[in-house]
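Trainee: Below are the chains, spelled out letter by letter.
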Amino acid sequence: MIDHLLTASLAVLSLAVLGCLYRLLKGPSMADRIASLDAIGINLLAVVAVLCLLFRTQAYIDTILVIGILTFIGTTAFARYIERGVVLEDGDDEQAR
Amino acid sequence: METMSKLGELSIALLILIGALFCALSAFGLIRLPDVYLRSHAATKSATLGVLCVLAGVFLYFMFFLDQVSVKLLLGIAFVFITSPIAGHLNGRAAYRQGVPLWDKSVRDDLQSALTEETQTGTQTLRPPPNEPESK
Chain A
1 MIDHLLTASL AVLSLAVLGC LYRLLKGPSM ADRIASLDAI GINLLAVVAV LCLLFRTQAY
61 IDTILVIGIL TFIGTTAFAR YIERGVVLED GDDEQAR
Chain B
1 METMSKLGEL SIALLILIGA LFCALSAFGL IRLPDVYLRS HAATKSATLG VLCVLAGVFL
61 YFMFFLDQVS VKLLLGIAFV FITSPIAGHL NGRAAYRQGV PLWDKSVRDD LQSALTEETQ
121 TGTQTLRPPP NEPESK
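Sequences listed follow chains A and B, in order. Numbering follows the numbering used here, with no gaps: position 10 of the first sequence is 10. Numbering follows the numbering used here, with no gaps: position 118 of the second sequence is 118.
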C-alpha cells in the first residue's frame, strides 16, 4: 500500500522536475533560470528521500545533504555572478565590484 | 495493533504524497506566473513546504516503523528550511539589480523609490553605501 503511494509521489515529483525544466530552457532572463535550477535541486532532494524510503535504507541520506549544500552554493554563486560579474572578490579592490 | 500500524503507514504516505503535490504546484506556478519575482515566490515558498513535508514523512517512517532515528535527515530538514528562502531572496535581489523588468500590471515598486533616494543623496545607486560595507 505505502509502496504504491510512494511510487505515485515519485511520479508527481518527476512531473515537477519536468515543469522546472521547461522554465529552465525557456526562461526569458537569467534569474528565471537560476530560480528553476534551485527548484530542480530541491525537488531532486525530495526524490532521493522517497527513494530512501522505497528501498528501506539509510544509505542515501548523505546524498540529501550533499544535494542541498550544492544547490544552495550554486544558487548563491550564480546570483552573485549575474549581480556583479564576479563570484569571489578580493575585498580591497573597488573597481572589481 | 495491526490496524494502527496500517493507519500510521497510510498517514505518513499521504503526508509524502501531499508534499509531492506541493512540489508539483510550485512547478505549475513556475510555468504559469508572468514575472521573475512572482515566479520566485512560487518556486521558493511552496517548494520548500513540499520538500519539508516529504522529508518529515520519511523521518517519521524511519523513526516509528524501522526504529532508526536519523539525525542526518533532521539536519537536512533544518538546512533546507534555512537556506532555500535565502537563495530565493538572493536571486530576487540579483534580478532587480540586474534590471529585469516587473510585470506590466504590477502596481507598486517600493525598492525603486528607495534606490532613487539613495542616488539623490549622493551615494551611488545599485550598490550599498560606502560607509556600510556589505561584508566584513
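It is worth saying that the hints were derived from the structure and are not from the lab. Don't take each hint at face value.
Unchecked claim - Within a straight-line C-alpha distance of at most 25 Å, the following computed DMTMM-like cross-link-like pairs (lysine to aspartate or glutamate) qualify:
hint	chain 1	residue 1	chain 2	residue 2
1	A	K26	A	E83
2	B	K72	A	E83
3	B	K72	B	E117
4	A	K26	B	D67
5	B	K6	A	E83
6	B	K45	B	D109
7	B	K45	B	E117
8	B	K72	A	D62
9	B	K6	B	D67
10	B	K105	B	E117
11	B	K105	B	D35
12	B	K6	A	D62
13	B	K45	B	E2
14	B	K45	B	D35
15	A	K26	B	D35
Claimed, not checked - Residues from chain A shown here face chain B by an in silico Cβ test under 8 Å; the list is partial:
hint	residue
16	L6
17	I34
18	L45
19	I64
20	L70
21	G85
Cβ atoms here follow ideal geometry from the backbone N, Cα and C, with glycine treated the same way.
Trainee: If any of the earlier hints don't hold here, list their numbers in rising order.
Mentor: Failing hints, ascending: 2, 3, 4, 5, 7, 12, 13, 20 and 21.
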